[in-house]
Amino acid sequence: MTDGAPTTADTRRLAEEARARVRFEEEALGLSDQVYRVARRLAGSREEAEDLVQQTYERAFRSWKQYTPGTNLRAWLLRILTNLNIDKGRRQQRTPQTTSLDNEAGDYYLYNKLESQVPDENPDEERVLEKLSQDSIVDALAEVPHDFRDVIVLVDIGEFSYADAAQILDVPIGTVMSRLHRGRRILKKNLADGVAA
Amino acid sequence: MIDWCEKCEELMQPFMDGSLSDEEVAKAQHHLELCSWCAKRFRFEERLRHYVRVAANEPMSPELKAKLAALRTPLDA
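Chains as they are written, first to last, in this note's numbering: chain E, 1 to 197; chain W, 1 to 77.
It is worth saying that the hints were derived from the structure and are not from the lab.
Listed below are the simulated DSS-like cross-link pairs for lysine-lysine, each with C-alpha atoms no more than 27 Å apart in a straight line:
| # | chain 1 | residue 1 | chain 2 | residue 2 |
| --- | --- | --- | --- | --- |
| 1 | W | K65 | E | K65 |
| 2 | E | K65 | W | K67 |
| 3 | E | K88 | W | K65 |
| 4 | W | K7 | E | K113 |
Now the in silico label distances, taken between C-beta atoms and shown as ranges:
| # | chain 1 | residue 1 | chain 2 | residue 2 | range |
| --- | --- | --- | --- | --- | --- |
| 5 | W | R47 | E | V22 | 38 to 46 Å |
| 6 | W | S21 | E | D33 | 34 to 42 Å |
| 7 | E | R23 | W | L34 | 52 to 60 Å |
| 8 | E | S116 | W | P59 | 31 to 39 Å |
| 9 | W | E63 | E | L31 | 15 to 23 Å |
| 10 | E | W64 | W | V25 | 37 to 45 Å |
| 11 | E | G70 | W | R47 | 30 to 38 Å |
| 12 | W | E63 | E | R23 | 20 to 28 Å |
| 13 | E | R62 | W | E58 | 24 to 32 Å |
| 14 | W | E58 | E | S116 | 26 to 34 Å |
| 15 | E | V118 | W | E63 | 37 to 45 Å |
If you want the footprint, here are the derived chain W segments under chain E, 3+ residues with CB under 8 Å:
| # | stretch |
| --- | --- |
| 16 | 9-22 |
| 17 | 39-45 |
| 18 | 56-67 |
Every residue, glycine too, gets a C-beta built ideally from N, C-alpha and C.
Same shape as in the complex, but just chain E:
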């Protein structure tokens, strides 16, 4: 072998790596709408969400070799994103971590409250749902303490499985389920509190 000259095997390996990298980047970019949807509700503002998504892709493209092909790329990207979000410490400042039982009510509470405000006798559920505006849902969700909101955002909005959410947030599956149930109740209580009495 002459010194320094790449062998055929080297050239082939580099070409294969370049192809794998392009595939990875294209696949990751194809998921960006879904990544942004989750980021937007984890972050406090549109600007924060955009920063987070951009930093996530920068880091993902830098460390693409750490991704195992065939595993869940969307969850891998979200893991990077949630870690970046925690590193920034943004979330701690925004919403209090602790939540008292005052923030919770039973699962029928919201319906009961909304139904009482619809003038019709025995209205159907569609009429009751009309009492809630899109903005009221976004606001009520933003008020859910972040531990609970993260799980709602991943499972109910991002449509991740419990197992993926557990992996992304680095908590046991049981914790995902209990936070999800409590979180949805807090969300509904916030929605109920937000409608005129």
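Position chain W relative to chain E; hints supplied.
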């Protein structure tokens, strides 16, 4: 004596998440067939979950999309 309306309120989330045992599902379903009051609240919850997903969805700006695309490794690198 079990108050099945109360019980169904408690079981609503795991019922919809598919995390109840077959026996619990059958019992809840039996009550929901008889009780329109609970059935309506279950239907509302289903609609609400869908509405939350739709309401929370804010599309990404084309600018961000372009910025992400620009992060790709140039092909001739």
